[in-house]
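Chemist: Chains D and L, in that order, are what the protein sequence lines are. When the count follows our numbering, it moves up by one through the first sequence with no breaks and lands on 415 for the last residue. When the count follows our numbering, it moves up by one through the second sequence with no breaks and lands on 276 for the last residue.
Derived BS3-like pairs: lysine-lysine, alpha-carbon spacing no greater than 27 Å straight-line:
#, chain 1, residue 1, chain 2, residue 2
1, L, 144, D, 410
2, D, 240, D, 212
3, L, 159, D, 315
4, D, 240, D, 255
5, L, 120, D, 410
6, L, 120, D, 315
7, D, 315, L, 96
8, D, 315, L, 180
9, L, 165, L, 180
10, L, 144, L, 173
11, D, 410, L, 96
12, L, 96, L, 77
13, L, 139, L, 120
14, D, 410, L, 159
15, L, 64, D, 410
16, L, 165, L, 139
17, D, 315, L, 139
18, L, 165, D, 315
19, L, 144, D, 315
20, L, 144, L, 180
21, L, 159, L, 173
22, L, 139, D, 410
23, D, 167, D, 212
24, L, 139, L, 96
25, D, 167, D, 366
26, L, 76, L, 270
27, L, 270, L, 69
28, D, 224, D, 214
29, D, 224, D, 177
Hints were generated in silico from the structure; no laboratory data involved. Source: prediction; values computed, not measured.
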Amino acid sequence: MIFRPKYFFGETFISLRRNFLMFFTAITTVAITLFIVGFFLIIIYDVQGVLTSVKSQVEVAVYLKDNITDELRTYLENEIKGWDEVSEVVYVSKDAALEKFKLENAGSEILKEIQGNPLPASFEVRLKSPEKVDQIALRFVTKDGTNVEGVDEVIYGQNYVQKIFSITAIAGSIAFLIIIILLLAAIVLIFNTIRLSIHARRKEIEVMKLVGATNWFVRIPFIFEGFFEGFVGSLISAVMLYFITNYLLIKGEKALADTMHVKDLAILGNTNVMLYIYAGIVIIGSLLGVLSSIFALKRYIRI
Amino acid sequence: MNMIEFRDVTKTYEDKTVALKNVNLTIKKGEFVFLVGPSGSGKSTLIKLLIREIAATGGSIFVAGRNISNLKFSRVPQLRRNIGSVFQDFKLLPNKTVFENIAFALEVIGKPSYVIKVQVPQVLKLVGLEHKLVSYPHQLSAGEQQRVSIARAFVNRPPILLADEPTGNLDPVNSDGIMKLLSRINLIGTTVAMATHDRSIVNSMRRRVIELEEGEVIRDQKRGVYGI
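Next up, chain L with everything else stripped away, as it sits in the complex (with noise of 0.2 Å):
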């Protein structure tokens, strides 16, 4: 089954810069891909219009078999509910603890607090802070902060998960841990598609890479590495 599916993409920014050109890529359910390619080639561009942050300008884009590319504004948040997004800068919010970071994610998409109190520790412990419950993101290193967030990510157990650039603010150790878990989370059968520049982390998990470039598809490799 394709979870993502771009037939002849084109994205056109409103300042005429054109971000993606032609792209077409299937990505199948509980794969592992990787997004390389320098700065500006449309990787961020790719994962924006995925959670319709932004909408294409030709093309279709399917998730999970739907039709995402005129989707009603009333329907956004159904489709955000079902793909997990992970950033470079976590954002998380400064003024509420891990614990109700994590449970702010299930709160507003209308989950009784009975099943907060049970997820939010559950996935905690996914990620290995569940003795952080009440620290607040400024007490965490940058590492456990990237944790945090793939816990908000994941918590309502999405079927896609979406993750621009997350080790771009960490060392390699933690970077690794990142990458661990991300495994972890894709061997339960989650989809993860994650854009990145690193290059020592594609080499060493070889898994499927795309490549881009200005905004075209210059290379889908099984089993890839990060350049040639």
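Chain D extracted, bound-state conformation (with noise of 0.2 Å):
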């Protein structure tokens, strides 16, 4: 078949002149279907984002006792370093805690109280992986059940750290569910509105075919057409998500960090990601488009 670029845009630009309403209908409806898929896509990524700053703050205290050795301190530093899930070992000395707590104290009253140094020396253990954490914790305690030599105690939130774990595993399944759930319906709902417009044309493919056009030669006008619908309507659901992350959105969440004590969370503010959800978008909203089309005119293109 020679491809004759003029007719086919022509004929696909005629229609959408005279074919408004169903060509609206489309759009808006792509438009609509995937705005709601993406914005359930950005704020789970949001709050993976936020759950995961949380989970890499997890970290285990190693309260050291004050009559610890130079030599044990060093000898359990390295000891620390060397574990695999173990990611960073800080040791803040006891003048060094001394003046962390007054620095973020300042101006209170509970300065004027303190004596000499009560505060003990420490390890800030980070972890590679936070789930670990249990693990590591319980190899500062011996057999007998007592701290191991020159520990005194050991704290990394058991309580909260755990549930936060739970929380979020069970969050990323039904956040993944819903996403599917969302898509699925964005799939029907597009492939029906494009079939209704194919349907509404059948006496146009019916023509067609009496006259001996090839299948190819009904299709590609049709195919056009359905990449136009995707292409349009995902773009403008593309464009909505932008001005809600950006206005909206990110507001949120340095209110989120600020209200957690975290640091700015700059999740959304990640452009690379957000530039490929956007283009993922729209790349699945012409591809539907395109999809649809072909299927919907399989019913109707063997005359």
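Put the two chains together into one complex, using the hints given.
Modeler: This is the structure we're talking about:
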């Protein structure tokens, strides 16, 4: 078959003008459904980011006894650094701990009451895999239940850490399920809309076949139209998502970071990932438009 | 030369109704043939088989000497470009003008636009509607619409023209006009086969009549009449 772009583009734009209502319906369907999918995707991505950031702040504080020898302290530090799960070990001396305490409680009455230095030295142990915090903490306990020599106390927020981990796991699978369901709903809605717009023009297909048009000649204008509907619709939803993200969600994220006392999360500010999401939506939309047209045509093309 | 030939053709639909039973017939190049018979006698099935809208269950069908019974799907468009078809319900596209409706038939078989610009006004002149180029189908009378549909079927100058009850929706005056048009097309050398219920048309034209009943050819008569 000779490819004749002038005919195909011409046909596409003539029918765009004459079937405006059908196109408008298809484009809004694509825009709205993909907007919902994209919106949830961004929210879920953001929540996951917040949880990851919370998890990464899980650390084990190993408080040392005041009478610990330098040799034992160095030995312990090297030992901990050697563990695979550990990403960083920071030694906080008694003096440093006091400095930090003073800084955190500047202007408070409590400082006047402190005499000498009651604060212990400690190791702050950061982990590569926060989920293993339990196992790490247990390594500081000997078989008879006491702490290893030189260690006074090990603290890692036993209670809330485990909760965060189980919530993250459940939230992750629920989020995945929601996205899948929304995406399926979007696919069904878009397919049905495009099928309806093709059904409305079945007479045209019948006539084309009757006068001897080849199947591809019948298909191509419809595929162009499907692409156009998918592309424009998804582009609209990507633009809406862009504005919502930049003028609403990023502000919410900052507020959340403030209440959680963590540094700015800047998850949605990561433009690379967001660009992938926008591009993904436009690609999925265009693809859905094309595939819906091809599948919907199957019924009408073999006359 | 045989333009159309049916050899022992049988067509059974999926619901087991037998539409054609061992039909044998030949139509020569340039003939004008009426297919008559009551509803359900197999006239439309015969036409659908010729344009390969459906496939025969048994036997062979030849068009211009070529066996189309086991034609590949990809060859069907080529067959249809050599057969013009006209229907009772016109099958015009409501959102296209008269010119566009006919041009469409040429566009979809890949004719360049300079050919279209010449051929469409020509064929509209033949059917007497050269002044209705920019009208939409709903602005035309039923008779005019059928003329447009004949123009569309004939614009590509196919050797065969099939008409399935082309006057079924028309009054006698308009029917008469359509028959004059089909006769003229036949005079140019086109083989015309027309299925009809219209007794007076068949009787006044005195052309070959093939009568079908319950899927069988029960009469094939030169210069015949509608019924005996």
